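Chemist: From first to last, the protein sequence lines stand for chains A, B, C, D, E and F.
Heads up: the first sequence at position 83 corresponds to 83 in this note's numbering, and the numbers run straight through without jumps.
Heads up: the second sequence at position 105 corresponds to 105 in this note's numbering, and the numbers run straight through without jumps.
Heads up: the third sequence at position 35 corresponds to 35 in this note's numbering, and the numbers run straight through without jumps.
Heads up: the fourth sequence at position 87 corresponds to 87 in this note's numbering, and the numbers run straight through without jumps.
Heads up: the fifth sequence at position 217 corresponds to 217 in this note's numbering, and the numbers run straight through without jumps.
Heads up: the sixth sequence at position 82 corresponds to 82 in this note's numbering, and the numbers run straight through without jumps.
I should point out that these hints are in silico values taken from the structure, not numbers from a laboratory.
Bear in mind that the values here come from a model prediction, so they are computed numbers and not experimental data.
Certain hints may be false.
[Unchecked claim] Derived pair list, reagent style SDA-like, types lysine to any residue, alpha-carbon separation capped at 25 Å:
1. K81/F <-> K71/C
2. K67/A <-> L70/C
3. K147/A <-> L114/C
4. K71/C <-> L69/A
5. K112/C <-> A93/A
[Stated by the list, open to error] Residues from chain C shown here face chain F by an in silico Cβ test under 8 Å; the list is partial:
6. P4
7. L6
8. D8
9. T26
10. T42
11. G49
12. V54
13. A56
14. L66
15. I75
16. L77
17. M89
18. A93
19. V99
20. L114
21. N117
[As the list claims (entries may be wrong)] Now the in silico label distances, taken between C-beta atoms and shown as ranges:
22. D594/D <-> E21/A: 36 to 46 Å
23. R25/A <-> R51/B: 30 to 40 Å
24. V572/D <-> P275/E: 19 to 29 Å
25. D200/D <-> Q55/E: 34 to 44 Å
26. A483/E <-> P711/D: 25 to 35 Å
27. D594/D <-> S205/E: 50 to 60 Å
28. Q55/E <-> S203/D: 40 to 50 Å
29. D200/D <-> A483/E: 23 to 33 Å
30. N2/D <-> G497/E: 43 to 53 Å
Glycine is no exception: its CB is placed at the ideal position from the N, C-alpha and C atoms.
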Amino acid sequence: MVTRFFLNVILALAWCLLQDEISLRQMVIGFLVGLLAMLFFPRSFHQERRYFRKAALSVRLVFFFVKELLIANWTVVRQVLALKLAIRPGIVAYPLSLQNDVLITLLANMITLTPGTLSVEVSPDRQFLFIHFLDVADVEEEIRLIKDGFERHLLLIAQ
Amino acid sequence: MEFVIISVIGVLFGCGTYLILQRHLLQVVVGLSLYSHAANLALLVSGGLKRGNPPLLTTDAPYVDPLPQALILTAIVISFGMTAFATVLAFRVRQVYGSDAVDELAGGEE
Amino acid sequence: MQVPYLLDVLVSVLLLLGLFFLLTGTFGLLRLRDVYARMHATSKSTTFGVAGVVLASLLYLRYLGLSSGLKESLIVLFLFLTAPVGAHMIARAAYRAGVSLWQGGVVDDFKKWLDENR
Amino acid sequence: MNGVPGFLLISLILLPLLGSLVAWPERWRQRLAPAYSLVPILQLLIVSSFWTTVQAGEGIQCSWPWAPSLGLYLSFSLDGLSWLFTGLISGVGVFVFLYAAFYMADDPTLARLYRFLLLFNAAMMGVVLADNLVLLLVFWELTSVSSFLLIGFRSQRAAACEGASKAFGLTAIGGLVMLFGILAVYAEHGTLELSVLLADSTSISTATGLCFLVAAFTKSAQFPFHIWLPSAMEAPTPVSAYLHAATMVKAGLYLIARLTPLFADDPTWSATVTSVGTITLVWGGVLACKQVDLKALLANSTVSQLGLIVVLLGLQTEIALFAAILHILNHAAFKGALFLTAGTVEHETGTRDIRQLGGLRPLMPVFTVAATLASLSMAGLPPLGGFLSKELFYEGVLEADLLLTILAVAASCLTFLYSFIFFHGTFFAPALHSPQQQPASPHAEQHSTLGLIAPIVVLSGLAVLFGLVPSLAEALVMPAFRVIHGAPAQFHLALWHGLTPALGLSALTIILGGSAFLLRQRFLGAIRERQAAYSFNRLYADSLTGFTRFFQWTRALYMTGSVTDYIRYLLVALIVGLSIPLWHFFEETTLRVDIVRPEYYELGLAGLMAVAGVMCCRTHSRVVLVLSLGLVGSLMSIFFVLFSAPDLALTQVLVEAVSLVLFLLVLHYFSVIGSQPQAPRTRLLNIGMSVGTGLLVSLLLFAANVGPSLPSAIPPYYLSNSYLLAGGQNVVNVILVDFRGFDTMGEITVFSVAVFGVLALVGLGVRGQQPLGTLFMFSFPSPILQSFARLTLHLMLVFAIYLLLRGHNAPGGGFIAGVLTAVALTFQMMAFHTENLLREMPWKPLQIVVVGLLLAAGTGLGSVFIGYPFLTSAIGHYSFPLLGEVELATAMGFDIGVYLVVVGTSLGIIRAIAED
Amino acid sequence: MMPPDLFVLFVIGPVVTAALLAAFHKWDTFQRGVSLAVSLGLWGLSVVGLLSLLQEGQQGMVVLRMGNWAAPYGIILVADVLSMTMVVLTMTIAVAVVAFSLRTVEQAHQEHFYYPLFFILIMGVNGAFLTGDLFNLFVFFEILLIASFALLALGSQPGQLRETVKYVVINLIASTFFLISLSVLYRTMGTLNMADLAHKIQTTSGELDSTLTILSLVFLFVFGTKAAIFPLYFWLPGPYFQPSAGLSAFFGGILTKVGVYAIFRTFTLIFRHNPALTHELLLILAALTMLLGVFGALSQMDMKRILSYHIISQIGYLMLGIGLLTPQALAGTLFYMVPYVLAKSALFLIAGVVQAATGSTHLKAVGGLQSHSIPLSALFLLAALSLAGIPPLAGFFSKFIVLQAGMEIGRYGYVGIGLLGGLLTLASMLKIWNGVFWGEETGDRRPVSLWPLFPGIILLVFFIVGIGLFPGILYSVAQTAAAQVADPRVYIAAVLGMQD
Amino acid sequence: MITPFVSVVVLIGITLSILLSAYRALRGPTIPDRVVALDNIAINLVAAIIVISIRTQSALYIDVALVLAILSFLGTVAAAKYLLRGTIIDASPLPPRRPG
Ligand code: NA
Ligand code: NA
């Protein structure tokens, strides 16, 4: 029930975004609309608790991600525009600590958006994330960075 | 700009015709889709390609002619329905008839 | 309608930056050796390219009072979510469908794992 | 005017018509069938009741309006001419009907025969009584139809069917030509009433007259239409006697006689009639002599005799006309008798082959006498009826010219010959049985065969009577003659006219004919053996097969069954048809150029569109084909953006996405493109047609854009009234749901039919082949995709609702929202297994479609119930707590209906495929 | 007098019915009962509607403003005598076809939307007859097209699918060109409303003539393809052969007539600027259509195929009337339409009975049916002879009136061709008769009772005979219609609300 | 005011980018390559729409851009699903022409 209410609030917010107007009136309408959508499609969201702590953690994660992104982004531009393509691509199995699908999705997305890496597949047992590297020269370092960076933040949210 | 669009319409019609005359049913369906795109563009031109604001009364005049837009919308929806049916038909032809080559669908005149 | 000089320049720069990323992605698409590598280029560069353009429009249209910019940010948010998922979907499908890595590749844990679990 | 006589008159037609409609119950049918004979008996009584009227030279007329604006009246008239014919029809009818009861005593189809005969009888009565030309044609064709049914009575026999068709086909030619004549008469004179035309002695043009002649010739089996008559002998013998000897074939003579007063001084008419008659007379005689089948002999003799009458009608002199009418009477009597004779002979012996017949005289003496007398009357021997008309015939031709006289004598000799062959071969010659044949019936004339002989006796008795009591014949003939000739005859019929040239010719005929009969063994066999190198029958058959072959050949030439060919025809027609007026247009019109200058990137996008189109043509990859199409669609939406059409852009993008999904779902099932290339010539042709079509369309639109045009009042009206009257700021949406909401009603109907159609396509028929590719092993749903899908479902739905609700004032609306919803749900289907989704979605797409359709239609009908036109909208403003003031328009209800239809349809189609 | 707003029911009634039928597509009795009831109801209503128009003579015209918007801004439905006659005709055939379908449609087909699709088809046809707006006409064309697509393919048998593909492709091409012509029309004339268009053309002097000629030819191409005139008819015989007999009857009877009607309407109301060119062209095409159609029929050996080719030939006669353009000829065209549609549908239904009785309609495979069922033979003969123009059946007067119109203005050649066509028609009807009803009793006899299949056929033949016996009634209707059509001012005034 | 000018330049640039991506879409060689290229085109079109909104000073087309973004994603996923059928190169070279 709480989950659904939370989803409904999110939907109301999204409504306000769409309306380009954040007001009580639009929140109410948005809530009703969201309710309608959930009424006809009672598909469950996810079974999470402690939303507000998680929301805070999520905001921290976003900032971390943007920072990482800006720092690392230069690399790919260099690689693409480099006159000589001296790269050795490969797919590496990354051992997952996360078990939650949504969070794994977020992790995979972040990895993809970070230069040089691309998530290819999650094993059905959630043990591995297979990552395509543009250059496998320093795989160990990369994996460590992901473990300590993105996945650590996500694990915090998962708890 | 009219002439540019008109030329594009011509090209689309040419390509559509070419595809419709091909052997493969899928190509025929795609050719028909090109036809309907071209026809929609023609309707767009029929309002005169004057640059103006979209016909939403919150923005300022001058507005473009709203009627062709409404007609195109109807046409798009209709041709979508038609294309959907034609596609499924082609798919069933392939399944049931065993061929999707148009000239193997010849006959039926004996 | 007139906009302040600074905004004008800022918007132009953001636009050009967006274009730069977009073109980079496209060049990557053309130059890189296999589909996986090409996806690296498009999934990132285009996303950032669009982000730049969107930022420009957000500033510009918001200044003109045409939009609060919330919806534009929705586009960026959405792209950041979908581009990687899309790349992932294509990559896994391509791999399964037998599109092999470029010969220069050295490590392939995925292949090993697939062979074990088949 | 329409008093008792009029009632009696039409009862002549109505009686048989009603009779033919009376069907006895099954178990009485056989026994009661002969009761049908009452009809001609009653008719005969009615006809005799007119005796005094016609003897006085008067007539009876009656008329009812039918379709006066078309000149149609149900008008009938009886004068001397029609009276004679009604007498023939009912008189011969009595004999034939009675005869048939015995002839087909044990045949279960007898009742049907009677009903057809009655139908014919009614038609024939109509022909001779009708006073309106169209009415005449009605009955004329009805005689053809009933004759068709009667000839084909034994429908299992191929020859019967062929004969029936031949008769119908050839007489139908006449009917149509007559229709042409009737149309011409109506166009010339504005009336269709024969009596009016005749009374005014209107000058009908010769060409029109010839139309009627053709009809008469076909009906009366004149050369070269005569070929149907021998083939018609497949009919049961009573039918042959009635239709093809005594009455129907005389309908043509009736028509010629009827029209004769109108063409009294028309040399073309006269020459045509005489010459056609002469050819028929001689040729029929020759053919008759050759025959070995009794009925065939009689049929050809009928052709010849009809020719004789036609000659006489053509000569148009007093004597000739009198002779013609007289011979009609005589011929009816003796030929009726002879046909029945043939029937009785066949009934008793089982054969009609004259070479196998013979020796019947001792067995059936009465029959022999009767048949012989009828034959002799046909041969023109005194003191029989045939002699009288033969004499007059000779007098008539002697007045005309020498060649005709010679031909007349020759033909009469032939008549003499075949008449003798007929009765001699049947009754007097020694019997010659082939081993297979049953011997001629040995039993004497018994009770059962009495009915088969009595009518013959009476008919040949009449033939004798007409000769012995010429005044009787004269009395019967005179009224008719007076009608044709306009005045009573100046002479009287008598057996003995004194020593006239005609008598000499008669004697010559007997001498020549008699010697030919005696010498017949010398040449008859040879003539019979000799097959004509080519005959009109062969010509008829060959032209039938020839035409059929020709039609098949031409059809095969263009009806290839290949849709590609058909498309080519269409396009060629279009290109050829339009290029000429386009050429004229550009020659004549001063072009007015008033256009928007393109931007460079617009040129680039246009170029890209062209590239995408060419990509579609060039690729051999199915996926690329589909994706390129998607590219074209996406570029379309960019164009819509460029030209200020946000609703269109949204719609186009969404439609493109759903189409793409649809294509990709079925793509596996298609074979690879281009596995069999087209021949270079075909390729060149295709390219040429493509270029031609593209150019044509471009030129067409170009012409529209640079040619003259009228200003439109419509856009200003929409722009100024959209908010004012319909309460919406998005004019496009207002047009869609209000100004032209009816279009949208239709559009969602098309859309919903797509889902019915697809469900039917997929749900019926065999499952068919597996897709060409096989699903890659070891694939499982991607958890990444699934969680993303979970995250976005409701967001997308809210977005869709947002677009739906704002549609009236901003880009969006039912269609766009509907497709977006469908896209959201399709996305769920792709991420999860379909079944899971179905569990969570408690209703079926079809139900959504139905609810949507009903909602849309119901919104529109609502206004009908309160007295406004369909789809009239109402707007109301309501305030709600928290929500503030909300505008509610009924158009919104309509739009929600659209939304539901689109959601349901898109989902339904995709699901139907996905589950297949 | 029928309330004008009810005329919309001819269009909306079927779609509501279709929706309900689709909702309960598995309920057998519901499907049949509702279909029969609604078709009968709409038929009765259409007759009442036509009668109420006829009461007012030449002024009898109902103009319905959809959404209460005036022309040319909103969409207008115009029920004049011509269009209502067509609606009555459509509903008559619909009743017969539904009655026939009750016993012939397979359960599986019924569950897969046979009846809903059929009612959508009716909606499209009626809408096309009634609309006064050219774009709306396009929409209704599409409605009837997609419904016919689905019905043609219903059953998904190989032959069906094959022919449906041809039908779909050709018709979609024509639809595209319809859109193109509408765009040219709107660009040059600034309106889509037919009355407005006619009005605009009347009030301008000749400067638009060459544009109009081009437009008329494009429209002729579009409508001609739907109507199956020369040289655009090639697609027709194949697809019309395939579906079940009930559908063939409706397709053969009504569908091509929508195209004819559109030509009739546009070439009498709008494109009259240069009849020496446009209508002369119509005449030439009419003659070729008449002859080639019947040539094709004579080359066939299957009853349904012969009938399919005949559709083409008869279209030629209709075009002849339109091309002649005199009031008499126009009345003749309408008079031609009615009996011919009745006869054609009846014949297709009879072919369905033959199929039901023997399992085939091929002349070689069937034979001697006359002895099997006298009533059936009688019905066939009446319908066939009417089609061939044998008096006093209705078809004769059709021919009589059209040809008389040709005669009056001295077009003897066309009259002659018309008569020749009639002769060949008769020949092909005799061919069917000889092949199916006479001859050796071949073909297996299925133990089916034929009587339940007859009511629909009897209804149609009843009208054929009735019109033949009382041609004056239909002729006066046709004259009223022609008078309305021949003088477009009445139509224009009624639609645009102008006073003379 | 340089934005209008820059926006034209950017639009031209995006058009170029699209053309180049179209080349990849045509060349392939594998279907995933084509899919990626077409996805790239779609994203470029999204960008183009936004630039056009700047250029025409209208916020109306942002929704179009948003929807296009959603749909290009959907298309990619659908194409990926298609690929799982196991065919990657279905443009077969033409077989030798048969006589006749
Ligand atoms: Na309204
Ligand atoms: Na047969």
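Chemist: Compare the structure with each hint and give your call.
Modeler: Evaluated hints:
| no. | hint | result |
| --- | --- | --- |
| 1 | K81/F <-> K71/C | violated (30 Å) |
| 2 | K67/A <-> L70/C | holds (22 Å) |
| 3 | K147/A <-> L114/C | holds (24 Å) |
| 4 | K71/C <-> L69/A | holds (23 Å) |
| 5 | K112/C <-> A93/A | holds (10 Å) |
| 6 | P4 | violated (10 Å) |
| 7 | L6 | violated (12 Å) |
| 8 | D8 | holds (5 Å) |
| 9 | T26 | holds (4 Å) |
| 10 | T42 | holds (5 Å) |
| 11 | G49 | holds (6 Å) |
| 12 | V54 | holds (6 Å) |
| 13 | A56 | holds (6 Å) |
| 14 | L66 | holds (4 Å) |
| 15 | I75 | holds (5 Å) |
| 16 | L77 | violated (10 Å) |
| 17 | M89 | holds (4 Å) |
| 18 | A93 | holds (4 Å) |
| 19 | V99 | holds (5 Å) |
| 20 | L114 | violated (14 Å) |
| 21 | N117 | violated (17 Å) |
| 22 | D594/D <-> E21/A: 36 to 46 Å | holds (42 Å) |
| 23 | R25/A <-> R51/B: 30 to 40 Å | holds (36 Å) |
| 24 | V572/D <-> P275/E: 19 to 29 Å | holds (26 Å) |
| 25 | D200/D <-> Q55/E: 34 to 44 Å | holds (40 Å) |
| 26 | A483/E <-> P711/D: 25 to 35 Å | holds (33 Å) |
| 27 | D594/D <-> S205/E: 50 to 60 Å | violated (22 Å) |
| 28 | Q55/E <-> S203/D: 40 to 50 Å | holds (44 Å) |
| 29 | D200/D <-> A483/E: 23 to 33 Å | holds (31 Å) |
| 30 | N2/D <-> G497/E: 43 to 53 Å | holds (50 Å) |
When held up to the earlier numbered hints, the structure conflicts with 1, 6, 7, 16, 20, 21 and 27 and fits the remainder.
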